[in-house]
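Protein chains: 2
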Amino acid sequence: MSGDLDATHDPALRSWVPGADGHAAFPIQNLPFGIFTPPDGCGPRGGVAIGNRILDLGRAAAAGLFSGLAEQAAAAASADTLNSFMGLGAGPRRALRGRLSELLRAGHADVATVAGCLHDAAACVLHVPARIGNYTDFFVGIHHATNSGRVFRPDHPLLPNYKYVPIGYHGRASSVLASGTDVRRPKGQIKPLDANVPRYAPSERLDYELELGIWIGPGSALGEPVPIAQAGDHIAGYCLLNDWSARDIQAWEYQPLGPFLGKSFGTTISAWVVTPEALAPFRIPQPARPDGDPAPLPYLLDAADQAGGAFDVVLESLLLTPAMREAGLPPHRLAVSNTRYMYWTAAQMVAHHSSNGCNLQPGDLFGSGTISAPTADGRGCLLEMTFGGRDAVTLPSGETRRFLADGDEVILRARAEKPGAAPVGFGECRGRVLPAL
Amino acid sequence: MSGDLDATHDPALRSWVPGADGHAAFPIQNLPFGIFTPPDGCGPRGGVAIGNRILDLGRAAAAGLFSGLAEQAAAAASADTLNSFMGLGAGPRRALRGRLSELLRAGHADVATVAGCLHDAAACVLHVPARIGNYTDFFVGIHHATNSGRVFRPDHPLLPNYKYVPIGYHGRASSVLASGTDVRRPKGQIKPLDANVPRYAPSERLDYELELGIWIGPGSALGEPVPIAQAGDHIAGYCLLNDWSARDIQAWEYQPLGPFLGKSFGTTISAWVVTPEALAPFRIPQPARPDGDPAPLPYLLDAADQAGGAFDVVLESLLLTPAMREAGLPPHRLAVSNTRYMYWTAAQMVAHHSSNGCNLQPGDLFGSGTISAPTADGRGCLLEMTFGGRDAVTLPSGETRRFLADGDEVILRARAEKPGAAPVGFGECRGRVLPAL
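Protein chains in written order, with the numbering used here: chain A, 1246 to 1682; chain Z, 1246 to 1682.
Worth flagging that the hints you see were computed from the coordinates, not collected in a lab. C-beta atoms are modelled at their ideal positions from N, C-alpha and C, and glycine is treated no differently. One should not assume that every hint holds.
Example chain A residues on the side facing chain Z (calculated, C-beta under 7 angstroms, incomplete) [claimed, not checked]:
#1 1379
#2 1415
#3 1433
#4 1544
#5 1602
Here chain A stands alone, though its shape is the one from the complex (with noise of 0.2 angstroms):
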């Protein structure tokens, strides 16, 4: 399965590539895929991080560094979308990552050719890395649906169903962007609790949410659940995702059929698709559900997931303000969480969402939902942190935010770090608000 460590994973591994070793997201142990356009301006193509470096996948391959399985996946990866390569699955994934970790080891017997394959990542530019089929947007994060239920209804935040249901809802696919796009701050029909009938303005409290993204890899057919065992084979990597949310927007328009114009303006991602094998050596068992929580439906139950379907990665979101940033001051963080509180696994999200034969289909996107921790320097989005809008966040400009203002930018970061392995990045997810036209 996904989770068996090898060879690719010791941390002792050391690459040729000045600046690989140390890295802070993207040692030779994490190696993950993405889309960019090299500084020659020839088309968006398959590459694979490794420090301050892109492995150029079409260059690599076309100087005979790939044969079986490894050729057959690079040659997919090597197109202008990863849509082929998902939907290839783990083993050809596994054997291309095996002989990319030998070609950028340390004692590599050829690395003049391989050094001709990379390109510096500062010169080039990412893009969303697959053709995004259908993005599904969860509500995993229990802390979360807990926080925000709140905002909305005091007395039951969470809905009889949270327990049962991996709730979700179908996304923007056009609307998602890769980090580093600007998003513009949308209009829409907005009602003041106070007033009589809805204007349609600038949205006033406008949102970030700190998600983790996972990209579907083998699709399924029509009709034909994924069996829970089975749905961690449907994954071909994640990254970090920020839903945007015009909170005003979102309160006059979601009932009765859920959230759309104040999410459809923007969805921001990190370029960078992290293998689950990059991530095998943090995974962790399911937390226990508290005393008193139903056990998951069968459908939703497997062993192997119940033991090491979850993930320990730390996830921070931090603010940079136009004033901070002529300040010369750091982004300031916001939240810091952890994938760990994660109510229902990603496998689980998997199961769920084919549970009634829709099909999946390679790089289809889901989010999690905003993932809080249980503390208050742990929550994932402004409507939480500031208690709808009720109590200002002071940043170390001396500024107050309450949601967030033209020219802010958010920037989520991952890291997966424990003693005995190499840290694995996601690489930013980041985007500034730019004023509603």
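With chain A's structure known, arrange chain Z on it following the hints.
Relative to the frame of chain A, chain Z by itself:
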């Protein structure tokens, strides 16, 4: 604007294609576009329906039958999806329609060449005509919103936002199916009112929904709302849409984020794209809002849209059970309704969808939501017709139905007709229920 009538609408026009004149759906005044596989099996390709034939656009283009804008449009419409053609917009589409009308008109000089490009429609397979980037389902049938709202909220069936917001939600694009494809009864979490906990089981309350589908043509840029006055230019055509719904799954899962697995197991559409030009004779003013209803906010209000943005198209839903089929009985009409019962126009849906800057893309699909008539014989889903399953419907076979049984086939039809215009049909939207796995 697309409401203009020209020579292609002349009800006196005759076609040399046998069976086209007087054809209930596809006389020469209609000319809908679609994607089909001909009997020779040579890949999906673009075509136009004329009577019981399909004109093969690629073959006609190769025969040199087009020039200028029409040639550009025919090249795009010859592909294996209509996305590029839809993206071209009204100018090329109208040029192609004009030329097709000439080629298929009685008296055309070179009938032999055009006849060589026709296929027998009964021998062809029709496909979903575009790669659907995103599918959005609206809720603009006010009688449906009222009737179905009453089932859940007897005291306030319409929520306060309904008359301000063209309510919509994102649907699942991967499970949109062409007419004729069987649909598997979904399983899902179901919690009867008298049960303490849900169970995972086949849906016992499987329903259909009678909807109009709207195809998006030219897209819009992220961050830039489409003004209501230009919204019509973004519509490529119309179809019928059956939004299959598992009411028991939906009822348990839908709070707080809306419908998800109760809908995503399948959505059936009629395969032909009926153009705005074909429907131009059937445009009507937007029906007056009842006294006391608010005016649309300015971003949804346009004089031309108010004057002619609605349609007079009769919609029908029919049911054929296995027993009826065996007894040689015809399909039984469940409901007759009309697109005039949409509270919002298609242009208002486009303007609203993009009002937050959400980008539209060629080949996006909108559903109207169930369009019910105000009368008892016009309830466009079983939930409404049976008052939430309380009152069974009796069929000509003596059978009764509260919800759909295995083997049941739902058929949607649409027909526009009025004195002084040739009738225009949509082709059927048909799907049969397979038993749960």
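Tested hints:
| no. | hint | result |
| --- | --- | --- |
| 1 | 1379 | holds, 6 angstroms |
| 2 | 1415 | holds, 4 angstroms |
| 3 | 1433 | holds, 5 angstroms |
| 4 | 1544 | holds, 5 angstroms |
| 5 | 1602 | holds, 5 angstroms |
The structure agrees with every numbered hint stated previously.
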